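Protein chains: 2
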Amino acid sequence: MTISRDDILEAYRFRHACKEFDSSRKVSDEDFETIMESARLSPSSFGFEPWYFLLVQDGGLREKLREFSWGGQKQIPTASHLVVILARREFCMRYDSDYVEGLMRNVQKLPDAAIEKKIAVYRKFQESDFKLLESERSLFDWACKQTYIALGNMMTTAAMLGIDSCPIEGFERDRVEEVLARDFGIDTDRFGISCMVTFGFRIREGREKTRQTMEEITRWYR
Amino acid sequence: MTISRDDILEAYRFRHACKEFDSSRKVSDEDFETIMESARLSPSSFGFEPWYFLLVQDGGLREKLREFSWGGQKQIPTASHLVVILARREFCMRYDSDYVEGLMRNVQKLPDAAIEKKIAVYRKFQESDFKLLESERSLFDWACKQTYIALGNMMTTAAMLGIDSCPIEGFERDRVEEVLARDFGIDTDRFGISCMVTFGFRIREGREKTRQTMEEITRWYR
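Residue numbers (numbering that gives the first Met the number 0), protein chains in the order written: chain A, 0 to 221; chain B, 0 to 221.
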């Protein structure tokens with residue numbers, strides 16, 4: 000079973016950063032589950048799934064996020080569904096962390112010898128290839144990168160279902176993390192915020208999409 | 000026009016990190032154009048499209064990449080198509096860069112007043128909200144994050160067309176950038192490597208997909 004090129008591209012053209020939703024319309028449970036399942040099935044480096052998703056339907060909690068989110072003023076209150084995407088910090092993502100070993104053992108079901116080998120490769124990758132241990136930030140940013148794969152897939156899945164979305168980076172990271180610790184019960188030693196994404200139905204048509212041409216963003220080596 | 004939930008999820012389940020391709024099978028031009036178009040239409044923060052795609056079909060150039068890519072030993076030579084995804088560096092992405100202003104003027108077609116306002120918001124975002132100017136690396140990593148949205152979409156589009164893919168982070172970043180400067184003519188003051196991704200057709204079935212459960216990666220606030 001494949002999907003036609005035209006239907007695929009129609010979905011990518013449908014998607015735009017929807018700045019305000021029709022708050023009277025809700026995404027169905029089945030459609031939202033499909034969006035989340037596409038996040039869950041997303042690939043990540045080494046398969047370590049360094050993400051965690053807060054599904055925020057409570058209006059009071061949304062308001063607390065909105066206070067420090069200049070880029071989500073209209074989307075956060077009007078969205079049918081709001082997802083805060085967290086990424087795992089150094090404490091979880093270092094090559095010698097309990098999280099990484101537990102994931103290999105309990106999710107990936109690797110035998111001991113394979114775990115040992117994979118840790119060695121992962122250590123070299125972190126220490127040398129990508130130099131991720133330079134700072135806490137560089138390791139966290141790397142975990143965030145993986146969450147952007149899931150973010151992209153969630154928005155694409157939504158568009159294929161005829162659902163609008165808006166990704167949100169426009170917030171004060173430090174202040175939002177204080178809110179997450181205080182009001183959401185998140186352990187911010189383990190998790191930091193990567194981004195937010197909202198889903199719902201557009202209240203008006205978006206502006207025409209603008210992009211660089213294919214020639215401006217590609218170079219062939221044949 | 001929407002696509003059914005089952006068809007969408009079938010594509011996400013079909014996608015896996017394909018470690019070796021059937022080198023006798025090629026992705027059609029039309030399908031590869033669709034994959035690239037889904038990258039081009041991907042969203043990015045502020046709409047600044049901080050990406051550039053090297054489409055590497057030349058066998059000699061692929062070999063030069065493979066030399067420093069332990070994670071792509073089988074994929075790079077057997078893939079029908081290999082894409083090196085670059086991200087723009089500080090030189091292009093700072094709030095006061097020519098690239099950013101040119102993109103707002105020539106691609107987004109914003110009037111002068113809107114450009115001035117957007118630059119002010121972008122400057123605050125970089126300086127304060129996300130503290131991206133802490134280091135060259137933090138700004139570059141942020142640009143890389145945006146490219147992972149495009150990366151995710153390219154792999155999802157491929158899967159929907161029945162095409163396999165493998166993302167590759169397993170390389171020595173510094174050495175590959177030397178190759179890009181020397182053999183690909185890339186200005187590495189402006190661009191750095193984010194990741195690679197290969198496309199083609201699996202030569203054997205992949206292992207069963209493993210993932211944490213939905214309960215392990217989500218928390219509801221109702």
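By construction, these hints were calculated from the structure, which means they are not laboratory data. Errors might be hidden in some of the hints.
Since the list gives no way to pick one copy over another, a pair counts as held whenever it fits inside one copy or between any two copies.
[As the list claims (entries may be wrong)] In silico BS3-like cross-links for lysine-lysine, where the CA-CA straight-line distance does not exceed 27 Å:
| hint | residue 1 | residue 2 |
| --- | --- | --- |
| 1 | K25 | K123 |
| 2 | K25 | K116 |
| 3 | K208 | K25 |
| 4 | K208 | K63 |
| 5 | K18 | K130 |
| 6 | K63 | K108 |
| 7 | K108 | K25 |
| 8 | K116 | K73 |
| 9 | K208 | K73 |
| 10 | K130 | K25 |
| 11 | K117 | K25 |
| 12 | K18 | K73 |
Quantities reported herein were computed from a predicted structural model and do not represent experimental measurements.
Q: Can you give me the call for K208 and K73, within, between, both or neither, at a CA distance of at most 27 Å?
A: within (20 Å within a copy, 38 Å between copies)
Q | Same-copy or cross-copy closeness of K18 to K73 [CA-CA at most 27 Å] | A | within (6 Å within a copy, 44 Å between copies)
Q: Measure nothing new, just compare the shortest in-copy and cross-copy C-alpha distances for K63 and K108 to 27 Å and report within, between, both or neither.
A: Neither: 40 Å inside a chain and 35 Å across chains, both beyond 27 Å.
Q: Indicate which option fits the pair K108, K25 if close means a Cα-Cα distance not exceeding 27 Å: within, between, both or neither.
A: For K108 and K25, neither the intra-copy (38 Å) nor the inter-copy (34 Å) Cα distance is at most 27 Å.
Q: If the cutoff is 27 Å on CA atoms, where do K18 and K130 land: within, between, both or neither? Let me know, please.
A: between (37 Å within a copy, 24 Å between copies)
Q) Is it within a copy, between copies, both, or neither that the alpha carbon of K25 lies no farther than 27 Å from that of K123? A) Cα proximity of K25 and K123: none, with 47 Å in one copy and 34 Å across.
**Q.** Copy assignment of K25 with K116, given that the CA separation must stay at most 27 Å
**A.** For K25 and K116, neither the intra-copy (47 Å) nor the inter-copy (33 Å) Cα distance is at most 27 Å.
Q) When no copy is specified for K208 and K25, does a C-alpha distance of 27 Å or less occur within a copy, between copies, both, or neither? A) Within one copy only: 25 Å inside a chain, 31 Å across chains, cut-off 27 Å.
**Q.** Copy assignment of K208 with K63, given that the CA separation must stay at most 27 Å
**A.** So K208 and K63 fail the 27 Å test inside a copy (31 Å) and across (37 Å) alike.
(Q) At most 27 Å between alpha carbons: which applies to K130 and K25, within, between, both or neither? (A) Neither. Shortest intra-copy (44 Å) and inter-copy (35 Å) distances fail the 27 Å Cα cut-off.
(Q) Within, between, both or neither: how does the pair K116, K73 come out at a Cα-Cα threshold of 27 Å? (A) between (49 Å within a copy, 19 Å between copies)
Q: State whether the alpha carbon distance between K117 and K25 is at most 27 Å within one copy, between copies, both, or neither.
A: neither (43 Å within a copy, 32 Å between copies)
Checked against the numbered hints given earlier, this structure breaks hints 1, 2, 4, 6, 7, 10, 11; the rest are met.
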